[in-house]
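Just so you know, the protein sequences line up as chains A and B, in that order.
Mapping to my numbering: the first sequence position 189 is 189, numbers consecutive.
Mapping to my numbering: the second sequence position 12 is 1012, numbers consecutive.
Bear in mind the hints are in silico, worked out from the structure with no lab data behind them.
You can trust all of the hints, since none of them are fake.
Coverage of chain B stretches by chain A, computed from C-beta distances (three or more under 8 Å per stretch; other residues unrestricted):
hint	stretch
1	1067 to 1081
2	1096 to 1105
Residues of chain B clear of chain A, computed beta-carbon distances all greater than 10 Å:
hint	residue
3	R1059
4	S1180
5	K1250
6	P1337
7	A1339
8	A1363
Treat the numbers as computed from the prediction; the structure is a model and nothing was measured.
Even glycine gets a Cβ: it sits at the ideal position worked out from N, Cα and C.
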Amino acid sequence: MIPGSNDRSLLADLPRLAILSLLGLLFLMPYIWMVSVSLKPLDEVWRASMSLIPETLAIDKNYGRVFREVPIGRYLLNGAIVCAGILVFQLAFALPAGYALAKLNFRGRETLFAFVMLGLLIPAHVPAIPLYIAFAKTGVLNTYAALIAPSTISVFAIFMFRQFFRAMPDELIQAARMDGLGEWSIVWRIIVPNAWPAATAFAIFSVVAHWNDLFWPLIAVSGKGDLATPALGVIYFRTEEAGDDFGALMAAATLTTIPLVAAFLLAQRRFIEGITMTGLKG
Amino acid sequence: MAGISLDGIEKAFGETRVLKGVSLAFDPGAFVSLVGPSGCGKTTLLRIIAGLESADRGRVVIGGADVTGRRAADRAVAMVFQNDAHYPHMTVEQNIALPLVMRRLSAMERAPFLGRLVSGTGERRAAIRREVEEAAKLLSIDHLMARRPGQLSGGQRQRVALGRAIVRHPRAFLMDEPLSNLDAALRHDMRRELVDLHRRVGVTTVYVTHDQAEAMTMSDRVAVMLGGVVLQFGTPREIYEQPSTIDVAKFIGSPRINILPGEAGAEGRISLAGQATDEVAPRAAGPLQLGIRPEHLALATEGLAVTVRHVEFLGAEVLVYGQTQTDGTPLIIRLDPAAWEAAPSRETVRVAPLAGRLLAFDAGGHRVGLISAAAARQVQEPAQPVVRVPRYV
Chain A
1 MIPGSNDRSL
11 LADLPRLAIL
21 SLLGLLFLMP
31 YIWMVSVSLK
41 PLDEVWRASM
51 SLIPETLAID
61 KNYGRVFREV
71 PIGRYLLNGA
81 IVCAGILVFQ
91 LAFALPAGYA
101 LAKLNFRGRE
111 TLFAFVMLGL
121 LIPAHVPAIP
131 LYIAFAKTGV
141 LNTYAALIAP
151 STISVFAIFM
161 FRQFFRAMPD
171 ELIQAARMDG
181 LGEWSIVWRI
191 IVPNAWPAAT
201 AFAIFSVVAH
211 WNDLFWPLIA
221 VSGKGDLATP
231 ALGVIYFRTE
241 EAGDDFGALM
251 AAATLTTIPL
261 VAAFLLAQRR
271 FIEGITMTGL
281 KG
Chain B
1001 MAGISLDGIE
1011 KAFGETRVLK
1021 GVSLAFDPGA
1031 FVSLVGPSGC
1041 GKTTLLRIIA
1051 GLESADRGRV
1061 VIGGADVTGR
1071 RAADRAVAMV
1081 FQNDAHYPHM
1091 TVEQNIALPL
1101 VMRRLSAMER
1111 APFLGRLVSG
1121 TGERRAAIRR
1131 EVEEAAKLLS
1141 IDHLMARRPG
1151 QLSGGQRQRV
1161 ALGRAIVRHP
1171 RAFLMDEPLS
1181 NLDAALRHDM
1191 RRELVDLHRR
1201 VGVTTVYVTH
1211 DQAEAMTMSD
1221 RVAVMLGGVV
1231 LQFGTPREIY
1241 EQPSTIDVAK
1251 FIGSPRINIL
1261 PGEAGAEGRI
1271 SLAGQATDEV
1281 APRAAGPLQL
1291 GIRPEHLALA
1301 TEGLAVTVRH
1311 VEFLGAEVLV
1321 YGQTQTDGTP
1331 LIIRLDPAAW
1341 EAAPSRETVR
1351 VAPLAGRLLA
1361 FDAGGHRVGL
1371 ISAAAARQVQ
1381 EPAQPVVRVP
1391 RYV
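If we strip away everything but chain A, and leave its shape as in the complex, we get (with noise of 0.2 Å):
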């Protein structure tokens, strides 16, 4: 590119560039005064004139704190192992269904697809109290099958996937049915292999709610149990031992995020991708 036509883009785009980079302070503003909030000694925090920049940083007493009293790298493995959990088997079960409701004829497709929708009308929290009875009685309760088990099936992803599969070709299927292959090949030979942008974008979605999520686990996981997942851990934090301490506190919830964060920063591509693809928005 001839550098003049680069430098005079710039220019052009300057005002655009300055409103869009307002709002993304706007945003992250909670973001970034947690972290700061995080790095502050507790009498800088309650300080009446506020400052972003610390005058004095508490770094170890904050996060020594954290690391100190509540087993946090416990919590993120949890968190960890209940997304990963859930996501494999949303995925088990949302490819197939959504192929199957995309390009299979058979009887009552629309009728069934139909249900399925209603599916997504409901929301989490009202299956909350019957699904805990059922827990309780069977004495999965505090348990990673607790966690994971009600959210394995994904109205959303099962619609995400059918709607994205619907786009392919019937020839391609077609062909792989006179190759040889049989619906299951063709689900994980061929159609899998080509869904990994959607994948990868529910994913994403996936992932952040669940790690986020305080709702199940704050009923499914009882006591100070090993078991808490991050959301759970900060709050447990707050409740049991940080009190107000708040700078203890910020730095619990920063630590949380800080996987999350990391794994956008190296998805990023591929997640702005996914979302353009299926034309979904957060």
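Dock chain B against chain A, hints included.
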């Protein structure tokens, strides 16, 4: 190599009857085209042969075996699709190999790492690789083996599709307008290549197309379909010269056949747009539709007067577009350039059909047989010997 026979195939999608009882028999090793305008049922018929659709009624027999109820994979036929049907995540080599991998290796042997542990997998994989290479060489795509379908041109992709069909050594190839997505020059080359390939491989081929020129140039036999029925099944020459109905005559041939009003008069003598001809329809009377191919009209001193509207010089021939002066029916005449040079006038010409080239159709569009006036006289003249039947009773 196997013959294919279809027996009373019927198919409806909801209320629409797409195929209304189609029966055809294709010889082993033949190259047969199903041709017709879009919506005539030709693709549905091909998919029924392939096993991708099931017929409501009728039987499909391939190589003597009734395969009507069998799955597509068990019919040992290969199909080349109109649109790209390659696996986008696999290389060309993997695309061509997949049908063999699925057939020859068990699920255990196909598994990514476990497969290595099963004895004999290595040899079988090597054999597959050899056969894939052979097929690729036949189609001269062996230098593209490591590419993915997305990195290939349209022609190369169709070649890969052919490779995937050939490698299985199927009993028949089914092709659904495989050239329609290619540009004109490439289409022409691929036509020749397909015919050449068919000659070398010798497998029965059923080729669906809406392009009559493709069907005529490539096939041993052509089935012309319209509205879910086969109007005519014959060699390209039969179809062109002896069309069974007016629809076949109109569909086949470029430029289109001329259709003029005519009449069978006294003793079946045919008149063409008011001009007497030398043809007789022994079994018809009253108004007829007369078809005459553009190259079967010749300049004449007397005959049908035609006003010339437009002339196309094509080098080897001249196409003259005009209208009859009697009722303004559009007419195309295909002439030798020398004949056009010699024409007395460029505004109005007189034309007459070549002897024996007129095609007559009745009100229902069916072909009516014509004979020359001289032949008609011979038929009438010999006196019928009177046979006396002895009366025994």
